[in-house]
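Peer 1: First to last, the sequence lines map onto chains A and B. If you use the working numbering, the first sequence corresponds to residues 2 to 359, in order. If you use the working numbering, the second sequence corresponds to residues 152 to 444, in order.
Since the hints were derived computationally from the structure, they do not count as laboratory data. Heads up, some of the hints might be wrong.
Reference excerpt, derived from the structure (chain B facing chain A, CB under 7 Å, subset only) [stated by the list, open to error]:
hint, residue
1, Ala-341
2, Ala-343
3, Pro-349
4, Pro-359
5, Pro-363
Yeah, the Cβ is synthetic: ideal placement off N, Cα and C, and Gly gets one too.
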Amino acid sequence: MAGVTLETVRKIYAGNVEAVKGVSLGIEDGSFCVLVGPSGCGKSTLLRMIAGLETISGGAIKIGDRVVNEVEPADRDIAMVFQNYALYPHMSVYDNMAYGLKNRKTPKDEIEKRVKEAARILAIEPFLDRKPRALSGGQRQRVAMGRAIVRKPQVFLFDEPLSNLDAKLRVQMRVEIKRLQKALGVTSIYVTHDQVEAMTLSDKLVVMSGGQIEQVGTPGEVYRRPETRFVATFIGSPPMNILPGIVEGPGRVSVGGQSIAVTDMKDGLAPGAAIEVGLRPEDVQAGTTGASSLTMDVDFVEELGATQLFHGKVAGADFVVQASTGQIAADTRKLTLAVDPANVHLFDPQTTKRLGRA
Amino acid sequence: MEKRAHFSGWTLPLLLIVPQMAITLIFFYWPASQAIWQSFLREDAFGLSSEFVGIENYVVLFEQPEYYRAMVTTVIFSTLVAFFSLSVALLLASQADKNLRGGHAFKTLLIWPYAVAPAIAGVLWLFMFHPTLGTLGRPINALGFNWNPMLNGTDAMILLVLSATWKHVSYNFLFFLAGLQAIPKSVIEAGAIDGAGPMRRFWTIIFPLLSPTTFFLLVVTIVYVFFETFGIIDAVTGGGPAGSTTTLVYKVFADGRSGGDLGLSAAQSVILMIIVIALTAIQFRYVERRVQY
Chain A
2 MAGVTLETVR
12 KIYAGNVEAV
22 KGVSLGIEDG
32 SFCVLVGPSG
42 CGKSTLLRMI
52 AGLETISGGA
62 IKIGDRVVNE
72 VEPADRDIAM
82 VFQNYALYPH
92 MSVYDNMAYG
102 LKNRKTPKDE
112 IEKRVKEAAR
122 ILAIEPFLDR
132 KPRALSGGQR
142 QRVAMGRAIV
152 RKPQVFLFDE
162 PLSNLDAKLR
172 VQMRVEIKRL
182 QKALGVTSIY
192 VTHDQVEAMT
202 LSDKLVVMSG
212 GQIEQVGTPG
222 EVYRRPETRF
232 VATFIGSPPM
242 NILPGIVEGP
252 GRVSVGGQSI
262 AVTDMKDGLA
272 PGAAIEVGLR
282 PEDVQAGTTG
292 ASSLTMDVDF
302 VEELGATQLF
312 HGKVAGADFV
322 VQASTGQIAA
332 DTRKLTLAVD
342 PANVHLFDPQ
352 TTKRLGRA
Chain B
152 MEKRAHFSGW
162 TLPLLLIVPQ
172 MAITLIFFYW
182 PASQAIWQSF
192 LREDAFGLSS
202 EFVGIENYVV
212 LFEQPEYYRA
222 MVTTVIFSTL
232 VAFFSLSVAL
242 LLASQADKNL
252 RGGHAFKTLL
262 IWPYAVAPAI
272 AGVLWLFMFH
282 PTLGTLGRPI
292 NALGFNWNPM
302 LNGTDAMILL
312 VLSATWKHVS
322 YNFLFFLAGL
332 QAIPKSVIEA
342 GAIDGAGPMR
352 RFWTIIFPLL
362 SPTTFFLLVV
372 TIVYVFFETF
382 GIIDAVTGGG
392 PAGSTTTLVY
402 KVFADGRSGG
412 DLGLSAAQSV
422 ILMIIVIALT
432 AIQFRYVERR
442 VQY
């Protein structure tokens, strides 16, 4: 098994469109790395470059210690699971899984052993003789995974493998992929636009936007300490609220005339300078007052069962607060929000970078 | 998924199907039944009277060595044209499917030969390969080959195969190109990752997935060679030299129109009709049942 290293990888399409703008990333052997970002952010292109399905315009991609820029996909020792499964429609499930091994001249009994083993792990043994069209979406997904694991590759690549499944099956397959990856210990790179999938699956979360990496870290790090406003609003659901504020002094900002204490604040910010104040809907305590507090005008309430989302405005900007159901009367029009200084995120309005302690 | 329209009366549905029914009746059933009836008749030499002779025309036909010769010629001709027009079209289509510079012009130009009338296509090739006038025929002779499609039956057949293939490649090309474009790109990419080289990918993934298209085109091409190449044959060889390029459909013309034996000609038409009906039936059954993914 092997890690994957990207060194200022670039992809420039015809017409000088730069889809990937110099991405550097180290993916440790055996880890589960998720590339997440909105559509068009270059994550799929990057994955396809690692697979060898797209040429590399600049930089280097290494699998293990080997630079693979000029290596054919077949010789990179990778396996890929596609969004539409890409099963061979004219072959049985067995042949679909055996195809890659046959091409590599694997002995017949070894092929049979590996396919049976993979089929057992994925619980698709009863379908080995069927054609893909006779399978459900979830079963096809398993066959696609089976085709990847029989090869025993160095790296698994997943290109939005769950996006064609219905919501319930998606959650179930997500858990299975995670379990399988842990059991096999194969380095995996997974592309998705779904931030929940990204959070739950990854050891290493890579948030991308506009062909560049915004932040790399564990899901916890990225959630707790987003490095840019983009990451702050992309990771977490509902997204983080961003309010316009003004620097008051060290450790204090004001939002709409209400002063708030901040733990993680960069030193030496000029008082009076504009600043963006980020607060997660789940991080503010509705209905109580604390060391610092804000007032909110409530417009309407969304019912989620266990929790309720209060939509409204704070200091003229849209704001959402999450509260346990029953904690606050649904017809409340004015809310007081207690803000914990440790949960306030500050961003530069110009560069959108975090203004925290180094 | 079935959509059905519901009509309250009979007038509108009848009006809607009448044009199609009329065309089918006038241009297919009527001449077809005429042919069947005529195949049981014999006309006198001046075409003034005819008498019912039962199956005698068929008996005469199957006693003619020329008829078996025409059958063999047809089989050779259609096998060669089908093989070359399908394989050349597939080769061109798989090249055109790649993202080539100027690919669009390439595709458009490849479709043009289909718009050329058969007789004109035939004359075109005849001129090119004429032993004394042709831009290609003269060099071939100059190289020491004894090329003369006017005198040599094999040469005549080669020329016919060339022109008939050239004309039909366009049609097959279009269908193959559409077939290739319908194959999901990711399936081919999966094959590449699974360690199959371009040739292996072609034969183990692309070709099997194209088989419904290939089968359809095979039947269409055979029907084309059986019937539509009449114009080419008539323009290029006129069935000669010495009957060596007389196919079944050309013999229908030669016996009926030139030979004046309408009964014998009609009997041959009926047999050809049976062959086409059989081909079409096989195609429908096969395409519907087996080769669909």
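Peer 1: Against each hint, give a clear statement of whether it holds in the structure.
Peer 2: Now the hints, each set against the structure:
1. Because the closest C-beta pair between Ala-341 (chain B) and chain A is about 4 Å apart, less than 7 Å, the hint holds.
2. For Ala-343 (chain B), the interface hint holds, since its Cβ comes within 7 Å of a Cβ in chain A; the closest pair sits about 5 Å apart.
3. A cut of 7 Å between beta carbons decides the hint on Pro-349 (chain B): the least distance to chain A is about 10 Å, and the hint is violated.
4. Because the beta carbon of Pro-359 (chain B) sits about 5 Å from the nearest beta carbon in chain A, less than 7 Å, this interface hint is met.
5. Because the beta carbon of Pro-363 (chain B) sits about 10 Å from the nearest beta carbon in chain A, more than 7 Å, this interface hint is broken.
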